[in-house]
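Student: The primary structure of each chain is shown beneath.
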Amino acid sequence: DAGVTQSPTHLIKTRGQQVTLRCSPKSGHDTVSWYQQALGQEPQFIFQYYEEEERQRGNFPDRFSGHQFPNYSSELNVNALLLGDSALYLCASSATGHKDPSGANVLTFGAGSRLTVL
Amino acid sequence: AQSVTQPDIHITVSEGASLELRCNYSYGATPYLFWYVQSPGQGLQLLLKYFSGDTLVQGIKGFEAEFKRSQSSFNLRKPSVHWSDAAEYFCAVGVYSGGGADGLTFGKGTHLIIQP
Chain A
1 DAGVTQSPTH
11 LIKTRGQQVT
21 LRCSPKSGHD
31 TVSWYQQALG
41 QEPQFIFQYY
51 EEEERQRGNF
61 PDRFSGHQFP
71 NYSSELNVNA
81 LLLGDSALYL
91 CASSATGHKD
101 PSGANVLTFG
111 AGSRLTVL
Chain B
1 AQSVTQPDIH
11 ITVSEGASLE
21 LRCNYSYGAT
31 PYLFWYVQSP
41 GQGLQLLLKY
51 FSGDTLVQGI
61 KGFEAEFKRS
71 QSSFNLRKPS
81 VHWSDAAEYF
91 CAVGVYSGGG
101 ADGLTFGKGT
111 HLIIQP
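These protein sequence lines are chains A and B, in that order.
Read left to right, the first sequence gives residues 1 to 118 (our numbering).
Read left to right, the second sequence gives residues 1 to 116 (our numbering).
So that you can see chain A by itself, here it is in the shape it has in the complex:
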């Protein structure tokens, strides 16, 4: 059973460019969350998608946007890249917890996409 897969694994961009990162959730999961982890720091919550809509958002500017597709996969887009956007971007999937809240909180993380902005 494949876990969470992310692509690309590494990429380099220059300031002002735009980037798209992709995530396929674990089989059976329908909710996707994105986290940013700067070098040496803890992961920071960017946003969460459920039923193709942004359900919750962390403290990130509008330059960060996302999308969820009918097959539950997701994209993270970052516009007008800044040097400070250099980080490991982690995708995590989970199952909705309408009947079991405990399941909704159990995240499975991908290995991440390492973005370097020059």
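Honestly, the hints are just simulated from the structure, not real lab data.
For glycine and all other residues, C-beta sits at the position ideal for the given N, C-alpha and C.
Careful, some of the hints might be misleading.
To be verified - Derived pair list, reagent style SDA-like, types lysine to any residue, alpha-carbon separation capped at 20 Å:
hint: 1; chain 1: B; residue 1: Lys49; chain 2: A; residue 2: Val106
hint: 2; chain 1: A; residue 1: Lys26; chain 2: B; residue 2: Lys108
hint: 3; chain 1: B; residue 1: Lys108; chain 2: A; residue 2: Asp85
hint: 4; chain 1: A; residue 1: Lys26; chain 2: B; residue 2: Leu48
hint: 5; chain 1: B; residue 1: Lys108; chain 2: A; residue 2: Ala111
hint: 6; chain 1: B; residue 1: Lys108; chain 2: A; residue 2: Thr96
hint: 7; chain 1: B; residue 1: Lys49; chain 2: A; residue 2: Ala95
hint: 8; chain 1: B; residue 1: Lys49; chain 2: A; residue 2: Thr96
hint: 9; chain 1: B; residue 1: Lys108; chain 2: A; residue 2: Phe45
hint: 10; chain 1: B; residue 1: Lys108; chain 2: A; residue 2: Asn59
hint: 11; chain 1: B; residue 1: Lys49; chain 2: A; residue 2: Phe45
hint: 12; chain 1: B; residue 1: Lys108; chain 2: A; residue 2: Ala38
hint: 13; chain 1: A; residue 1: Lys26; chain 2: A; residue 2: Phe47
hint: 14; chain 1: A; residue 1: Lys13; chain 2: B; residue 2: Gln45
hint: 15; chain 1: B; residue 1: Lys49; chain 2: A; residue 2: Thr108
hint: 16; chain 1: B; residue 1: Lys108; chain 2: A; residue 2: Gly40
Said to hold, decoys possible - Not the full set, but computed from the structure, chain A residues with beta-carbon under 8 Å of chain B:
hint: 17; residue: Gly16
hint: 18; residue: Gln18
hint: 19; residue: Pro43
hint: 20; residue: Phe45
hint: 21; residue: Gln48
hint: 22; residue: Phe64
hint: 23; residue: Ser65
hint: 24; residue: Leu90
hint: 25; residue: Ser94
hint: 26; residue: Leu107
hint: 27; residue: Gly110
hint: 28; residue: Ala111
hint: 29; residue: Gly112
Here the structure of chain A is known, so what remains is to put chain B in place on it, guided by the hints.
Tutor: Same frame as chain A, but now just chain B:
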């Protein structure tokens, strides 16, 4: 809003010795609590979780954690560490609201070094 504090940035333990990593949380109610481990350049792997019930939870790789409501703590323990346990450990708190789980809030992590 919830918060998590991991007081120890670095911890060095001899191989075979016992380990305890500290975690304190702040939240108005009982949150969901997690410990994740991260090897360099990798994603996060869930070690264990606490939702309710028994306050001593068992996880993978021989880890356990104890939830203490009176101390707002969720410390991670292992009786005997192995060199492969060297990694970054994150404590996290989650909240369930509005029919779904909110984004996790992570502590700043504890870097575990294993001495031979």
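Student: All hints, please: hold or fail.
Tutor: Verification of the supplied hints:
1. A threshold of 20 Å between alpha carbons decides the hint, and for lysine 49/B with valine 106/A the separation of about 8 Å falls inside it, so the pair holds.
2. For the hint linking lysine 26/A to lysine 108/B, the alpha-carbon distance of about 26 Å lies beyond 20 Å, and the restraint is violated.
3. The suggested pairing of lysine 108/B with aspartate 85/A holds, with an alpha-carbon distance near 19 Å, which does not exceed 20 Å.
4. The straight-line distance between the Cα atoms of lysine 26/A and leucine 48/B is roughly 19 Å, inside the 20 Å bound, and the hint therefore holds.
5. This hinted pair checks out: lysine 108/B and alanine 111/A have alpha carbons roughly 19 Å apart, not beyond 20 Å.
6. In summary, the hint linking lysine 108/B to threonine 96/A is not supported, as the alpha carbons are separated by about 27 Å, beyond the 20 Å threshold.
7. For the proposed pair lysine 49/B and alanine 95/A, the alpha carbon gap of about 16 Å is at most 20 Å, so the pair holds.
8. For the suggested pair lysine 49/B and threonine 96/A, the alpha carbons sit about 17 Å apart, so the restraint of at most 20 Å is met.
9. A hinted pair counts as satisfied when its Cα atoms are at most 20 Å apart, and lysine 108/B with phenylalanine 45/A qualifies at roughly 13 Å.
10. Taken as a hint, the lysine 108/B and asparagine 59/A pair is honoured in the structure, with Cα atoms around 17 Å apart against an allowance of 20 Å.
11. For a cut-off of 20 Å, the pair hint linking lysine 49/B to phenylalanine 45/A stands: about 19 Å separates their Cα positions.
12. Straight-line distance between C-alpha atoms of lysine 108/B and alanine 38/A comes to about 11 Å, which keeps the hinted pair within the 20 Å bound.
13. Restraint check: the Cα-Cα separation between lysine 26/A and phenylalanine 47/A comes to about 18 Å, which is no more than 20 Å; the hinted pair holds.
14. Taking the CA atoms of lysine 13/A and glutamine 45/B, the gap is near 28 Å; set against the 20 Å cutoff, the hint is violated.
15. As the CA atoms of lysine 49/B and threonine 108/A are separated by approximately 13 Å, the hinted pair is consistent with the 20 Å bound.
16. With a C-alpha separation of about 9 Å, the suggested pairing of lysine 108/B with glycine 40/A holds against the 20 Å cut-off.
17. A cut of 8 Å between beta carbons decides the hint on glycine 16/A: the least distance to chain B is about 27 Å, and the hint is violated.
18. This hint is violated: glutamine 18/A has a C-beta 24 Å from the nearest C-beta of chain B, more than the 8 Å allowed.
19. Interface restraint check for proline 43/A: the shortest CB-CB distance to chain B comes to about 5 Å, inside 8 Å, so the restraint holds.
20. With a cut of 8 Å, the hint placing phenylalanine 45/A at the interface with chain B holds, because the nearest CB-to-CB distance is about 3 Å.
21. Look at glutamine 48/A: its Cβ gets to within about 6 Å of chain B, closer than 8 Å, so that hint holds up.
22. The interface hint given for phenylalanine 64/A is broken, as the beta carbon of that residue sits about 13 Å from the closest beta carbon of chain B, more than 8 Å.
23. Annotation: serine 65/A was flagged as interfacial toward chain B, and the flag is violated, the nearest CB pair being 16 Å apart, outside 8 Å.
24. About 6 Å separates the beta-carbon of leucine 90/A from the nearest beta-carbon of chain B, less than 8 Å, and the hint is met.
25. The interface hint given for serine 94/A is met, as the beta carbon of that residue sits about 6 Å from the closest beta carbon of chain B, less than 8 Å.
26. Because the closest C-beta pair between leucine 107/A and chain B is about 7 Å apart, less than 8 Å, the hint holds.
27. With its C-beta approaching chain B no nearer than about 5 Å, glycine 110/A sits inside the 8 Å limit, and its interface hint holds.
28. For alanine 111/A, the interface hint holds, the least distance from its beta-carbon to any beta-carbon of chain B being 4 Å, beneath 8 Å.
29. The beta carbon of glycine 112/A comes within 5 Å of a beta carbon in chain B, closer than 8 Å, and the hint placing it at the interface holds.
Checked against the numbered hints above, the structure breaks hints 2, 6, 14, 17, 18, 22, 23 and satisfies the rest.
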